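Order-wise, the sequence lines are chains V and D. If you count the first sequence from 1, position 77 lands on 77 in the numbering used here, and the numbers rise without skipping. Numbers given in the numbering used here equal positions in the second sequence, counted from 1, plus 1000.
The hints are simulated quantities; they were obtained by calculation from the structure and are not laboratory data. Among the hints, a few may not be true.
[Claimed, not checked] Residues on chain D that point at chain V, a partial pick, calculated with CB under 10 angstroms:
| id | residue |
| --- | --- |
| 1 | 1031 |
| 2 | 1033 |
| 3 | 1047 |
| 4 | 1048 |
| 5 | 1050 |
| 6 | 1055 |
| 7 | 1069 |
| 8 | 1091 |
| 9 | 1104 |
All figures in this text were calculated on a predicted structure; none of them were measured in a lab. Idealized CB from N, CA, C, for every residue including glycine.
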Amino acid sequence: AQSVTQLDSQVPVFEEAPVELRCNYSSSVSVYLFWYVQYPNQGLQLLLKYLSGSTLVESINGFEAEFNKSQTSFHLRKPSVHISDTAEYFCAVSIIQGAQKLVFGQGTRLTINP
Amino acid sequence: KAGVTQTPRYLIKTRGQQVTLSCSPISGHRSVSWYQQTPGQGLQFLFEYFSETQRNKGNFPGRFSGRQFSNSRSEMNVSTLELGDSALYLCASSSPGSDTDTQYFGPGTRLTVL
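Please model the complete structure; the sequences and the hints are all you need to start from.
Below is the structure:
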């Protein structure tokens, strides 16, 4: 079975400051890794994913995440946040070439203060 | 391409009633998965359908059921509603084997049970 732990339930930061949202996972088999973002009263939007290849993956809006296999981590970072980044962020894993089933962490609420 | 659509967006029911939610996947996607999101339990996998067959099921009682039609549209049904069924129900579609198992979510159906 797989499990995902998001170490911080809430992260408050000031606008233009850097941020890191932490994610650790546990799995006995290889997995794909995802970050999804959820804005208020909306569904989940894919932010970025790690499938294979380079361990550093980037999104179009400045977020990046690095897959660390030895530490079983997939932390999300952004060097300078904006008010519009206020949302809940979910880390998730799925088994490679397996069931279309995502296992999610509990989410991290990112609040940007002006 | 149009995204995943879910209808209705909001629903209010009373205990003991039943409800049917609908999901239309992205064109060409043959896998549809359903998730329940609650403040207490977070995001939990309900089931997945592929080519009209249920391939995977989460740990939910038999009151929760679903089906998929030949055009890949899916419905989920909850019978004998309980207060604890109040949640955001999210549907996701994917195309296993291409775009490497990435699930794309709809906006969700907010179900309130009174």
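**Report entry** Hint numbers not upheld by this structure, sorted from lowest to highest
**Finding:** 7
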